[in-house]
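A.B. asks: Here are the chains, one letter per residue:
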Amino acid sequence: MDVNMAQLKSHTLENTQTIEHPSSGGKALSDIFDNLTLEIIEENPDDMIIDIKGIEAPLANALRRIMISEVPTMAIEDVDLYQNTSVIPDEVLAHRLGLIPIYAEPEKFKYKTQEDSHNGENSILFKLHVKCIRLQDKSIQNENVYSRDLIWSPLPGQEKMHIAPVHSDILIAKLGPGQEIEAELWCEKGIGATHTKWSPVCTASYRLMPSITLSQILKGENAKALKRKCQAKVFDIEDGKAIVANMRDCTSCRECLRDENFGVVLGKVKDHFIFSIESTGILKPRRILRDAILILKKKARDWIDIINVYKHTPKS
Amino acid sequence: MGDTERSLLSKSDEPSSLGIMNMKKVSYICGWCGKENEFTSRDELNCIGCGYRIFYKKRLAGGAQYEAR
Numbered sequence: 001m002d003v004n005m006a007q008l009k010s011h012t013l014e015n016t017q018t019i020e021h022p023s024s025g026g027k028a029l030s031d032i033f034d035n036l037t038l039e040i041i042e043e044n045p046d047d048m049i050i051d052i053k054g055i056e057a058p059l060a061n062a063l064r065r066i067m068i069s070e071v072p073t074m075a076i077e078d079v080d081l082y083q084n085t086s087v088i089p090d091e092v093l094a095h096r097l098g099l100i101p102i103y104a105e106p107e108k109f110k111y112k113t114q115e116d117s118h119n120g121e122n123s124i125l126f127k128l129h130v131k132c133i134r135l136q137d138k139s140i141q142n143e144n145v146y147s148r149d150l151i152w153s154p155l156p157g158q159e160k161m162h163i164a165p166v167h168s169d170i171l172i173a174k175l176g177p178g179q180e181i182e183a184e185l186w187c188e189k190g191i192g193a194t195h196t197k198w199s200p201v202c203t204a205s206y207r208l209m210p211s212i213t214l215s216q217i218l219k220g221e222n223a224k225a226l227k228r229k230c231q232a233k234v235f236d237i238e239d240g241k242a243i244v245a246n247m248r249d250c251t252s253c254r255e256c257l258r259d260e261n262f263g264v265v266l267g268k269v270k271d272h273f274i275f276s277i278e279s280t281g282i283l284k285p286r287r288i289l290r291d292a293i294l295i296l297k298k299k300a301r302d303w304i305d306i307i308n309v310y311k312h313t314p315k316s
Numbered sequence: 001m002g003d004t005e006r007s008l009l010s011k012s013d014e015p016s017s018l019g020i021m022n023m024k025k026v027s028y029i030c031g032w033c034g035k036e037n038e039f040t041s042r043d044e045l046n047c048i049g050c051g052y053r054i055f056y057k058k059r060l061a062g063g064a065q066y067e068a069r
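These protein sequence lines map, in sequence, to chains A and Z.
Each residue of the first sequence is one higher than the one before, counting from 1 in UniProt numbering.
Each residue of the second sequence is one higher than the one before, counting from 1 in UniProt numbering.
No lab work stands behind these hints, which were simulated from the structure alone.
Ideal Cβ positions, reconstructed from N, Cα and C, are used throughout, including at glycine.
Misleading hints may appear alongside valid ones.
Said to hold, decoys possible - Computed spacing ranges between beta-carbons, pair by pair:
id, chain 1, residue 1, chain 2, residue 2, range
1, A, Lys131, Z, Glu38, 13 to 23 Å
2, Z, Leu45, A, Val92, 21 to 31 Å
3, Z, Glu36, A, Arg65, 50 to 60 Å
4, Z, Glu38, A, His162, 39 to 49 Å
5, Z, Tyr52, A, Asn144, 15 to 25 Å
6, A, Glu121, Z, Tyr52, 41 to 51 Å
7, A, Arg248, Z, Gly31, 54 to 64 Å
8, A, Gly157, Z, Glu67, 22 to 32 Å
9, Z, Glu36, A, Asp137, 16 to 26 Å
Can you build the whole structure from these sequences, using the hints too?
C.D. replies: Structure, rendered in structure tokens:
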């Protein structure tokens, strides 16, 4: 039995323990990084699928958690409401505004502390002023408030930047005739751990690479039955024999295990992670991954510093 | 006590201080057409534009700051 493989049985999961735990006398951390491979499987403007081979769950999970909650972006934080006669309560409107992804380069901004006032280095200012009116011909103007109605007004030092909401058609509020929303929106830099609105990803997740083997050769009706059985269309028939065609599509539904005559062996490769990164559109997925790796690196360096200080402190 | 009697009499003839306060015009927003209407306490609450009878108070000037959370 392969150490690297977790076995999927009809009701249990076997051989799930980690393989590279330091106490197991296995590999050193440097061996892990030497053998690590990273491969981009699919890359789109807003999402990305990558394969990371040769790492263990703790490292993969650290990367996932950093992408979700520690990569900084800009988001609306303070809402100065001057007029809101719409049916949406002020607090709800402010919350909705906060969740709009703002396309801005976070590296060009500083974190705003409690003492700081809003300025060109730490804030972005948007203005929102929409009034719904009934026109002479009984038609209604400005019935919907969309994110495109946010007008960016550059603060000093921001003249060369390009800042706007990522999506122009996010519905913020609906207005009736005569109703009006007037507000100034201040964006600040932050991280997802403080509030999800700063998270650069819709979700970042991983799953283990499935491994499917056929312990016997299936032909004719048996092969067709196996192909029909799998909802994810993992199996196919080639030259009259059943083959595993789309290993990646396996959802671990274990339907193929119910008929033992098929002789299907299901497993999970324990050091092969399939990452899926879905961006909110502010940062490219590739950039989110890069930032997450750099943050992880910085955390590791900080730990080395702490350990060194401890080492050189005389024991009392 | 003649003075108090006179003041009581005058209250019915001309607007007292309380009466002046009630004559003050306050503007409200019509719930149907959104038109701004000004009313005193004695006016009937009917919108000038559409005759609708439900009104909303206007927000106080100055605005308020909210945290977008």
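A.B. asks: Does each hint hold? Answer for all of them.
C.D. replies: Hints, verified against the model:
Restraint check, lysine 131 of chain A to glutamate 38 of chain Z: a C-beta distance of roughly 19 Å satisfies the suggested window 13 to 23 Å. For leucine 45 of chain Z and valine 92 of chain A, the Cβ-Cβ distance of about 29 Å falls inside the hinted range of 21 to 31 Å, so the restraint holds. The hinted range of 50 to 60 Å is satisfied by glutamate 36 of chain Z and arginine 65 of chain A, whose Cβ atoms lie roughly 53 Å apart. At roughly 46 Å, the beta carbons of glutamate 38 of chain Z and histidine 162 of chain A sit within the given window of 39 to 49 Å.
One distance hint, 15 to 25 Å for the beta-carbon pair tyrosine 52 of chain Z and asparagine 144 of chain A, holds here, with the actual separation near 23 Å. Distance hint for glutamate 121 of chain A and tyrosine 52 of chain Z: a CB-CB separation of about 50 Å, consistent with the stated range 41 to 51 Å. In this structure the hint that arginine 248 of chain A and glycine 31 of chain Z lie 54 to 64 Å apart at CB holds, the actual value being about 57 Å. For the hinted restraint 22 to 32 Å between glycine 157 of chain A and glutamate 67 of chain Z, the CB-CB distance of approximately 25 Å keeps it satisfied.
Judged by the Cβ atoms, the range 16 to 26 Å given for glutamate 36 of chain Z and aspartate 137 of chain A holds: they are separated by roughly 22 Å.
Violated hints are absent here; each numbered hint is respected by the structure.
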